[in-house]
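S.K.: First to last, the sequence lines map onto chains H and L.
Using the working numbering, read the first sequence as starting at 540 and increasing by one per residue.
Using the working numbering, read the second sequence as starting at 222 and increasing by one per residue.
Treat each hint with caution, since some may be false.
[Unchecked claim] From the derived model, a few chain L residues whose C-beta atoms are all more than 12 Å from chain H:
hint, residue
1, S345
2, V352
3, Y362
4, E430
5, L442
6, L444
[What the hints assert, rightly or not] Some chain L residues near chain H, calculated using beta-carbon distances under 10 Å:
hint, residue
7, T471
8, S474
9, L506
No lab work stands behind these hints, which were simulated from the structure alone.
All residues carry an ideal CB built from backbone N, CA and C; glycine is no exception.
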Amino acid sequence: MSSILIIEQILNGLQFGVMLFLMAAGLTLIFGVMGLINLAHGSLYMVGAFAAAAVAGWTGSFLLALAASLAAAALFGALIELTVIRRLYARDHLDQVLATFALILIFSEATRWVFGSFPLFLNIPEALSGTLTLPGGIEYSRYRLTIILIGLAVAVGLFLLISKTRVGMRIRAGENDREMIGALGVDISVLYTLVFALGAALAGLSGALVGAIQSVEVGMGEPVLILAFVVIVIGGIGSIKGALAGAILVGLTDTLGRTMLPWAFAVFMDPAAASSVGSALASMLIYILMAGVLLFKPTGLFGSA
Amino acid sequence: MIRERYLNLLIGALLLIVPLVALQLDEPFIITLATKAAILALAGVGLNLALGQGGLVSFGHAAYFGIGGYAMGILASHAQDYAPLMEAPFLIEGTNLMPVIWLVAIVASALAALLIGALSLRTSGVYFIMVTLAFGQMFYYFTISWPAYGGEDGLSIYVRNQFPGVNTLDPIQFFGICFVVLMAVLFLVNRLNKSPFGLALNGAHQNEERALTVGINVYRLRLVAFVISGAITGLAGALFADLNRFVSPTMFSWHTSGEIMVFIILGGVARLFGPVAGAAVYILLEHMLGGISEYWQIYLGLILLFVVLFAKGGIVGGLARREVRHDG
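Please work from the sequences and hints to get the whole structure.
M.R.: Structure (structure tokens):
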């Protein structure tokens, strides 16, 4: 296997990881601040992708499509927070899981009802199509590089928001003691709606960005949601840093596993068997990674008990 | 206000009477629906032991359901093709005998539950939910990318497996098998819940520190409950595969885990007959809403949302009105 191919796969893994980070950051923020496990997060990813595909088809502008994905996901996020989610904060996790599972059914069927069962397609904008030559003569997709940059920029922005701004201070305070910041005159219910909408917007953005690589279809959010859970378990719940580390780790492990394992097995097996054993094992690799981390740190790499 | 014991009798009797009436009216489809309800109820009874009694919110029980299903699919497909499962170091042949298939399903899903449980139970709360969910999905993706037994397309079995002395192709006789298995498991689970093991499990659910203080090994206790729970759900998976004569990765999908959980919530958490009532109502809803609209899952979602938000305790809980704690 050539080194160029390996570097390409590492970049693909980074891009996948960065996208998982956008999903996992919202999930972990919502869990950290409100103590809520939100299965409907994948639905907001789907909402973002559909909004982007619809607006891109309508206006032809990719930037407007991205803005639409942010706006639609934040709007639907705020809407379900106001109508359903806020009744669940004081409930146990089982109720949260079931109510948000019900939201998934509603979102998926409603989307199928509005857009039909056929997948939509979102085109990569002209300026970002094609490849860029990296130092060392590696040709790499401009669009995927852009996703990596956007993801890293969001990570930095989120870090600054939480550690440097007044809103971030309140978010951190809300994580530690919700009664106390309420007593200090902060309107907690507005803060919670904002955090939920922020998490939703990140999921929507990631849905729109990925929508240009894959097809936009009902149910697209669910595999990503499970991966985001794996990321959070590895990184530690409530930690943005953990979400970033976990996401990159999972992205790289999954992408490299899928390309390298069949190739590694082919060294000592016949090619057909190697590809089937390799790909079956590769599909389990991140769960094995998760099991490995749990063996040593049951609360994740950056988690506290 | 009905005493729960009489309510349980009523639920059990209804499940038995409906297919018998359908037999008289010559409506085999209703018998099949009742069979499906009985099998899914069994899966729910399995999960309820971990979730209701033990407070372990496992979101990955589709794993055991699917393992049970594939135990049936793999054994029966080898019997169908007369191809042994394994020749060296010793010969294992496929089989189409239900009791053997059940045993394999139970053992295989118990082993998987032991492995997954041993790892997952190191965590608790929301980590536990996410970890079990993730391990459940691992099996889903594995079966999809493993072409030997049909991969994404699944496996079809052309003739239903056999049970000595019973014609399993007759819907009412197959229903009889499933009903008897369900009742036998309910009897065992009831005995288990009232045994020192069940009391300790429930005690550890209510107050873990106190259970630890009186010298209970909570981790081991929960692991045993998790393994039994997985084994029961695995048995249900084998029966479900036999009902459809088909297994596919869908049995492993997290929607299946969610549905099994829904039976319990609809029926009543930690109630012996909760999953039975829940599964029956779910099948009924699925059938009726499916007739109303192509997008019936929206209505199902709304009903579920309503039950979770406003009708705690589910059907059995609402009718029996005796508080059982399930917050943890």
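S.K.: Could you run down the list of hints and mark each one as holding or not?
M.R.: We went through each hint and held it up to the structure:
1. Interface exclusion of L:S345 from chain H breaks down, the closest Cβ pair being 8 Å apart, not more than 12 Å.
2. With a minimum CB-CB distance of about 6 Å to chain H, L:V352 fails to clear the 12 Å threshold, and the non-interface call is violated.
3. For L:Y362, the non-interface assignment is contradicted: its Cβ lies about 4 Å from the closest Cβ of chain H, within the 12 Å cut-off.
4. For L:E430, the non-interface assignment is confirmed: its Cβ lies about 15 Å from the closest Cβ of chain H, beyond the 12 Å cut-off.
5. Annotated as non-interface, L:L442 keeps its C-beta farther than 12 Å from every C-beta of chain H; the closest such distance is 18 Å.
6. A cut-off of 12 Å between C-beta atoms confirms that L:L444 is not in contact with chain H; the least separation is 15 Å.
7. A hinted interface residue such as L:T471 counts as satisfied when its beta carbon comes closer than 10 Å to some beta carbon of chain H; here the least separation is about 12 Å, so the hint is violated.
8. Taking 10 Å as the C-beta contact cut-off toward chain H, the hint placing L:S474 at the interface holds, the least distance being around 9 Å.
9. Contact between L:L506 and chain H, as hinted, is not supported at the beta carbon level, the nearest pair being about 12 Å apart and thus beyond 10 Å.
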